[in-house]
Amino acid sequence: MVQNPILKVLFTFQKFGVKSLLIGGQACIIYGAAEFSRDSDFVIFCNSENLAKLKKALRFLKARNIYLPPLKKEFLEKGHACHFRCYDKSVKNLRVDVISKLRGCDDFQKLWERRFSVRFSRNRTIEIIGLQDLAQSKKTQRDKDWLMLNRLIENDIFTTRKLSLEKIKWWLYECRSSSKLIELARKNIDLAKECSIKRPLLKVAFKKDIPKLEKLLQNEELLEREKDRKYWELLRKELEMLRHKK
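Following the working numbering, the numbering of the sequence shown begins with 7 at its first residue and continues without gaps.
Read the hints as simulated data drawn from the structure, not as lab findings.
Keep in mind it's a predicted model, so treat the numbers as computed, not measured.
Among these hints, one or two may not hold up.
[What the hints assert, rightly or not] In silico BS3-like pairs for lysine-lysine, Cα to Cα no more than 30 Å straight-line:
| id | residue 1 | residue 2 |
| --- | --- | --- |
| 1 | K251 | K61 |
| 2 | K68 | K107 |
| 3 | K25 | K116 |
| 4 | K21 | K68 |
| 5 | K150 | K173 |
| 6 | K233 | K243 |
| 7 | K116 | K168 |
| 8 | K173 | K107 |
| 9 | K95 | K68 |
| 10 | K78 | K62 |
| 11 | K79 | K98 |
| 12 | K107 | K14 |
| 13 | K173 | K199 |
| 14 | K233 | K218 |
| 15 | K175 | K214 |
| 16 | K14 | K79 |
| 17 | K209 | K233 |
| 18 | K150 | K25 |
| 19 | K221 | K175 |
| 20 | K61 | K14 |
| 21 | K98 | K150 |
| 22 | K78 | K68 |
| 23 | K186 | K218 |
| 24 | K251 | K68 |
| 25 | K218 | K175 |
| 26 | K218 | K199 |
| 27 | K221 | K193 |
[Unchecked claim] Per label pair, the in silico range of CB-to-CB distance:
| id | residue 1 | residue 2 | range |
| --- | --- | --- | --- |
| 28 | K243 | T131 | 35 to 41 Å |
| 29 | K79 | E200 | 40 to 46 Å |
| 30 | L241 | F212 | 37 to 43 Å |
| 31 | L171 | E80 | 40 to 46 Å |
| 32 | S185 | R70 | 45 to 51 Å |
| 33 | S127 | K236 | 40 to 46 Å |
| 34 | A58 | L169 | 40 to 46 Å |
| 35 | K243 | N71 | 17 to 23 Å |
Glycine is no exception: its CB is placed at the ideal position from the N, C-alpha and C atoms.
Given these sequences and hints, build the entire structure.
This is how it looks when you write it as C-alpha cells:
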C-alpha cells in the first residue's frame, strides 16, 4: 500500500524521535478548515539533541536544503525557517519546512503543552499545534492566512457542542466576522463586556454597527500585518547578507 507522503514524513519524524508539531496548511486540514497543501510545515524544539534527530530524519527522507539559511541552531533561534525538498521515492518532491518559533506565539514548550494529539494506531500518534496557537500563527502579511484564520474560528464555532467560558472568550477575542461577533456579544453579554477591556471593538458589536465594526476589524488586521512585515524584514536582511557571503 502506498503511504500518504505527509504521513510518511510525520511517521519518520516520530521514528527518529524528533520533537515537533505539525503546523501550516496540513494542520488546518485536520481542524476542518480545508486547505490543499503539498508542503509539510513544522515547529520544532530547538536544542542540539533534537536537531541531531531531525537531521537523521531528513537524511532518511533524502531531503536537501533548498534555500538559505542552512539548518543550524543559531538561525532557528533567531526565527528563520529552514526549507527542504525530499527526494526519497516515497515522498518525491515534497517540501518540508521547519521553524522553531512563530511570531506572536508562545515558545515551543508552551505550544507543546497545548498540542492536539491524533492517534493513528496503537503506537503512532501525530502531534499537532493547538487550534488557538494555529489561529494566532495565521496573523501574517498573506491574504490566504487571514482567510484561513477566519475559517478556523468559524468552523470551531460551528462544530463545538460542549461550550465553555474559555472557548467563548476565545471566539470573542479572535472572531473576524462582524455578524458573528454581534451574535456572540448578544448571546454572552456579561462575558463580552469583560472581553471588551482587551478588545474594545466589542463595544461596537453591542451597537450592531456593522460598517464601523468591519472598519475596526480591518484596522486590527492591518496592525498585525505590519507587525509581521517588520518581524520578517529584519530576518530577510540577514538572509541577504548570507547570500552575499556565499
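Mind checking the alpha carbons of K209 and K233 for me, to see if they're no more than 30 Å apart?
-> holds (25 Å)
For the pair supplied as a hint, K78 and K68, confirm whether the alpha-carbon distance does not exceed 30 Å.
-> Given that 30 Å is the threshold and the Cα spacing comes to 18 Å, the pair holds.
Between K98 and K150, does the CA-CA distance stay at or below 30 Å?
-> holds (26 Å)
Could you grab the alpha-carbon distance between K221 and K175 and see if it respects the 30 Å cut-off?
-> holds (22 Å)
Given the proposed pairing of K150 with K173, does the C-alpha separation stay at or below 30 Å?
-> The hint holds at about 24 Å.
Straight-line alpha-carbon gap K233 to K218, limit 30 Å = Holds, because 23 Å separates the two Cα atoms, which is no more than 30 Å.
Outcome for the supplied range 40 to 46 Å, where the beta carbon pair is S127 and K236 | With a Cβ separation near 44 Å, S127 and K236 satisfy 40 to 46 Å, so the hint holds.
Between K221 and K193, does the CA-CA distance stay at or below 30 Å?
-> holds (23 Å)
Is the hinted pair K61 and K14 satisfied, with a Cα-Cα distance of at most 30 Å?
-> holds (16 Å)
Is it true that the CA of K186 sits at most 30 Å from the CA of K218?
-> Since the Cα atoms of K186 and K218 sit roughly 15 Å apart, the hinted pair holds (cutoff 30 Å).
Does the Cβ-Cβ separation between K243 and T131 fall within 35 to 41 Å?
-> Roughly 39 Å apart at Cβ, these two residues keep to the hinted range, so it holds.
Taken at face value, is the distance from the CA of K68 to the CA of K251 at most 30 Å?
-> Given that 30 Å is the threshold and the Cα spacing comes to 27 Å, the pair holds.
When held up to the earlier numbered hints, the structure conflicts with none and fits them all.
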